[in-house]
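Colleague: Chains as they are written, first to last, in our numbering: chain R, 260 to 668; chain B, 260 to 668; chain P, 260 to 668; chain S, 260 to 668.
Rather than coming from a laboratory, the hints here were simulated on the basis of the structure. Check the hints yourself; a few may be wrong.
It does not matter which identical chain is used: a pair holds within one copy or between any two.
[Claimed, not checked] Under the rule of at most 16 Å between Cα atoms (straight-line distance), these lysine to aspartate or glutamate pairs were calculated in the EDC-like manner: (1) Lys308 to Glu437; (2) Lys311 to Asp375; (3) Lys393 to Asp377; (4) Lys481 to Asp626.
4 protein chains.
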Amino acid sequence: MHRMDQAYALLEAECRDRGVDLDAAARRLAELEVETPSWGYGDSGTRFKVFKQAGVPRNAFEKIDDAAVVHRLTGACPSVAIHIPWDKVDDYRALAQHARDSGLRIGAVNPNLFQDDDYMLGSITNVRPEIRRKAIQHMLECVDIMREVGSTVLSLWVPDGTNYPGQGDIRRRKRWLEEALREVYDALDPDMRLLIEYKFFEPAFYHTDLADWGMAYLAAEKLGPKAQVLVDTGHHPQGTNVEHIVAVLLDEGRLGGFHFNSRKYADDDLIVGAIHPYELFLIFAEIVAAERSGDQRVAQTARAIAYMIDQSHNIEPKIPAMIRSVCNIQTQFAKALLVPWDLLRERQEQNDVLGAEAVLRETFELDVRPLLWRIREERGLPVDPMKAFAESGYMGAISSRGIGGSGWS
Amino acid sequence: MHRMDQAYALLEAECRDRGVDLDAAARRLAELEVETPSWGYGDSGTRFKVFKQAGVPRNAFEKIDDAAVVHRLTGACPSVAIHIPWDKVDDYRALAQHARDSGLRIGAVNPNLFQDDDYMLGSITNVRPEIRRKAIQHMLECVDIMREVGSTVLSLWVPDGTNYPGQGDIRRRKRWLEEALREVYDALDPDMRLLIEYKFFEPAFYHTDLADWGMAYLAAEKLGPKAQVLVDTGHHPQGTNVEHIVAVLLDEGRLGGFHFNSRKYADDDLIVGAIHPYELFLIFAEIVAAERSGDQRVAQTARAIAYMIDQSHNIEPKIPAMIRSVCNIQTQFAKALLVPWDLLRERQEQNDVLGAEAVLRETFELDVRPLLWRIREERGLPVDPMKAFAESGYMGAISSRGIGGSGWS
Amino acid sequence: MHRMDQAYALLEAECRDRGVDLDAAARRLAELEVETPSWGYGDSGTRFKVFKQAGVPRNAFEKIDDAAVVHRLTGACPSVAIHIPWDKVDDYRALAQHARDSGLRIGAVNPNLFQDDDYMLGSITNVRPEIRRKAIQHMLECVDIMREVGSTVLSLWVPDGTNYPGQGDIRRRKRWLEEALREVYDALDPDMRLLIEYKFFEPAFYHTDLADWGMAYLAAEKLGPKAQVLVDTGHHPQGTNVEHIVAVLLDEGRLGGFHFNSRKYADDDLIVGAIHPYELFLIFAEIVAAERSGDQRVAQTARAIAYMIDQSHNIEPKIPAMIRSVCNIQTQFAKALLVPWDLLRERQEQNDVLGAEAVLRETFELDVRPLLWRIREERGLPVDPMKAFAESGYMGAISSRGIGGSGWS
Amino acid sequence: MHRMDQAYALLEAECRDRGVDLDAAARRLAELEVETPSWGYGDSGTRFKVFKQAGVPRNAFEKIDDAAVVHRLTGACPSVAIHIPWDKVDDYRALAQHARDSGLRIGAVNPNLFQDDDYMLGSITNVRPEIRRKAIQHMLECVDIMREVGSTVLSLWVPDGTNYPGQGDIRRRKRWLEEALREVYDALDPDMRLLIEYKFFEPAFYHTDLADWGMAYLAAEKLGPKAQVLVDTGHHPQGTNVEHIVAVLLDEGRLGGFHFNSRKYADDDLIVGAIHPYELFLIFAEIVAAERSGDQRVAQTARAIAYMIDQSHNIEPKIPAMIRSVCNIQTQFAKALLVPWDLLRERQEQNDVLGAEAVLRETFELDVRPLLWRIREERGLPVDPMKAFAESGYMGAISSRGIGGSGWS
């Protein structure tokens, strides 16, 4: 511990030299809230195989139990996203109460438009009106559930698309999509938001109705201010500059939230920060810059971002994978909070390419463990949440759940 | 020729069976106009080497001469795009007159925002206001030139971007870009259009200020109805469904034009239709469908598209490469005109995935040479423009121009 | 039919002009054999959902029944690949007899190294020796099954890989892989071949032990002449020139077979020829050129290629999707057979870039339906296999199988 | 400086806890040699524009002067690669002497097969034998130059390829390539190595004769032990796991060297470590693991790797960009040296996915500045080479060279 004190003092001195307020960074970092998804605690896999793990929760209540453990150890995850019908229960108020009893609240409600047999050829863009109606009703039902559980975010992924040229009429499907979203939007309460996700491909392999941020933006822009775009970090073509998209959406007041995960190839849904940590840092750097912006719309948009994790833990134990993700997010967010913005601006103004680049990269290269340690210690949290979990005995306790718990179904 | 008559009769019979009006297709095909770029007649290359070809035009007038040959042989290329300052002349009215004398008109005017030394770190998004001003003035000068030459299209590629994280402030640059475009837009005459191009990367390698169709759309949408998006077929991430983007922009009334070329990797600028002919067909299928749309905005947008070629003939002779591109465009457009739309709609309505797919693919597999032959013969054009060029003696005639003609500078 | 005669005569005349022997092409085309996979008749899907179709075969025998229908209608699919344990039966000789009774033979045997719970962290590259042993035993069992069913091809996809940096020791896994393959190779009979597949990613998302053709080649080259590489057309990074890889492997005598399908994004497993038909043609052009090569090793390698389909029909009916794939393969192979090779060589020798390119592209643009029609009619096959299937009543007949037949498990 | 002592002590304590020998790491790090390229000091750019910088060296001698500055300040760059004919001089012994006088030696000699007009359609794979001969002669001349300057590495990039299907005969070109390399290989002295580079695309846009590591490996394997593969970190398809390729080539004794740079899109040639620093670390982790391997061939191969930088500084000042690259390489190599290998192996053996991943990632997250500081201070080098260069006055001194120095020509 003495070492960590020393390390903290060194970091503090360095920040001082760079004109960075470490206390302010610590305060902001301590406020960061990351929502975990109920389905992240259940079994998942690839199309080839779902490997069942022991101790996986068997229902929505047990998923909340697991989410509560993550919050208890990290102090950063006070809400849990639910997915309907995976988390369908008879009494949603009871579910919300269970969350509160566990120190949590229900976060985003996620409709499911991809697992009903009727949706094989599309849900809200299906050529058959009765299927579009069914899908809209499901979303309206989710809005009702939001009221029951006290959620303010409807997190919508429309998986619709086609597998072959000619299979569908792209423009007609676009109109149906707009109609459906309009009806859902109009059903929202004033304090509710609709976050519209986009995805490059999968499960559709020729065209996806909402394939990129531009299409999601277009939909949101037509609906109104309560509609915003949700960025899943794994839903882009290779090479895409995600932080650029983040900056553009922030500038337009249309960035509503994130689904964090990491990827090397497609929508790999790996642990956040495991593949390209610098990219995650650069995304947070855009956000922290926006939070500090003099443009009120931009700053408010940034401060209202819903940070959510969306991963598929196919081969690793799920709860520690979630804790690891939260810690990785905290690590990169912490680094972004230590960027010396005035220095960066100064070098940009001087067209000092190397100097400006160095400001961001060198900030990324800092070791921020002392800062994480401080905010954990100050709040009475374990300084090493991974270790604390391993020692908690929780894995042993849930083994009684057996194999074959809840999955993506 | 007898064979072609037979082949035409067979195609006609097949179209009749499929409920396709071959005469109407022939009429529409005959009207197709494809603009060729003055710079496509000059030397170009990769960053490693520009291989100089003999006979390359030495100035804007000679480029128009070459473009006139392409039009004479294809009947489909009545306009030529110019690029300022590559085509800078003292007297633009004289240049326009030379075009008219050659049977052409001046098409789009293209400003150059990437070759002045001042633009090394950006033109309209440069941190230095005097450089932004210079770039804006250059675009305003291009609007003046449009008036001189009778052009109605300002075709704008903003190559600005950064090579390193931190080098620039993305949101600030976005605001500068919007400011600059606003000033140019306001200077347009009522019958002028501003077509905004986007590009995934190159010459910037970290972020490009207008990186995708969404960013170009956003800019156009803020400006007003005279601003539209220009799609260069080579400016997308790998795997992008370009025809989907085309459909979305058509539906929004924001598709202004194309820069046609083909690519396998990045912005390879190869001859149109040389790498992925089916994709080109699918793009035209979206356009033809839009031309037939009952939604007037959609149909008018489709009919007003500016079809332009933008290629870099690094190793092949330039005039025949241009003729080849025009023919390839005609070929795929012809196929798109033969799609049996009612049948397609019927199968889509029945959720007949294989049947609907077959409609498009089988149309693509048709041999449309008889149709091309007919529209050429009817108009007194050579039925084989490539052969006609080879036999024209033009290559020999221009060899007197020598080596070292005009290039990208 | 009269029309088709006319069309055939026109094609014949054109081939004569181009110096192409249409009869020889017809003979070669008629010999083309394409193997269909037993699993292609069963249910499949994405990781999000397997949509169950009615009439799906319930066991290996019924899969052979479906494969027999495809062969009956196309005359091109005399063998069916099996997958162990999906096609596990008590009596493999009975299965082979059932195939023979249905006019088929058993083709490649495919081991499964990805669905046993033990394989979660690897099969033949697993750090635990008992799991590697188990996987090797499974492959040896497949060699035994080959003897029972009279198969000569062991078609091996090693799905092993890791999801995170550090998870595995890449070089150590490579050595284990080589050890395992050696043992299997040594168990092969003299007339058996081991075809080694590679894949860019999925189900592993950080590294895949056999990630590209180079790694598969390396393994094959160490084993000996009976080991060759299997190219799945959907297993490459975006932009990869697959026909180039095909040419290289042919030149080295190491191209053993194909898994045909098509893709736009990742390993989409769509119907062959549905997304990028020109690429399929170019692959066949390399093969036909190799078949004609004066280098005996090259020619023999080309003639011994095992053509296999490997698709995932998630939303389309499976039997017609298979027929469609076979027809698309025949179409592009037919085109490749019509390439005027001497003309191509002549233009290549003259460094006539445009002329040489035109030879291939124009061959692709031919309508080869008359040729397909001829070889079908000559052999008493339906000239339109898709229509013949629709009219056969087979779909109705198998509806009694109900929903919930065999899938990837 | 007191702070750095403290930081060093903390790092030392942490290493001790993790079982890592910091002294050994420091020794190995101090030995790391990184070769800089003469052309990296000259003007370069994109195909759109080469922005000329002031002070760029005007000839090979001045490039060596600049390289010497980089070595003087970093202590890590004792050799400089030359490129013929860009560095053509009358007296190569004089050039080598100038290098020695500047504290350097000449490293790899790079032939140029892409800038002669004759090479437009290929050099060693050109259909015309006299051009193939010319290209071979040029490479043989480079071997002679190697003798003159005392170089032991022939670093060969074959840029040959085609832009269009059909343009060339892929297999025939492969044979010509093999013939040419054979002749060059046979001319090498016993202590010379031929490093064969590969590249996914550019300047060829349809097929590149040496397109991937497998093709380069194949060529090297046929030649003999003195031929090895050169990995340019920017020459792969998107998503490629470069460290995997590195591991495979190490395992085969065929990894000869690197061209380091970074990329986000294509062959962007940006400063090493600027875009994806974790990937660079993972590459070095494979190398350090191989250096420690019990397999002597693997270990020797790793220790003999030629580390070379190959960048294109289009918009940033060239000398500091080179220093920055060297420092980034040192940073990631330093981190790789601090991996606790025994712990990693232990967790791999336990199939502890999260634990094993954490070992690498946490090592990457260390701040290794104290280690860099130590090895610089011990050797009397500036602890901050970038700052030392800025303060050296060298930029001012070379401004007398003016604008318009040497570039890629």
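Colleague: Are the CA atoms of Lys393 and Asp377 at most 16 Å apart within a copy, between copies, both, or neither?
Modeller: Close inside one copy (9 Å), not across copies (41 Å); limit 16 Å.
Colleague: Have a look at Lys308 and Glu437 and pick one of within, between, both or neither, based on CA distance no larger than 16 Å.
Modeller: For Lys308 and Glu437, neither the intra-copy (35 Å) nor the inter-copy (25 Å) Cα distance is at most 16 Å.
Colleague: Go through the copies and call it for Lys481 and Asp626: within, between, both or neither, with a Cα cutoff of 16 Å.
Modeller: neither (44 Å within a copy, 43 Å between copies)
Colleague: Between Lys311 and Asp375, at a C-alpha cutoff of 16 Å, which is it: within one copy, between copies, both, or neither?
Modeller: between (23 Å within a copy, 11 Å between copies)
Hint compliance for this structure: hints 1 and 4 are not met, and every other hint is.
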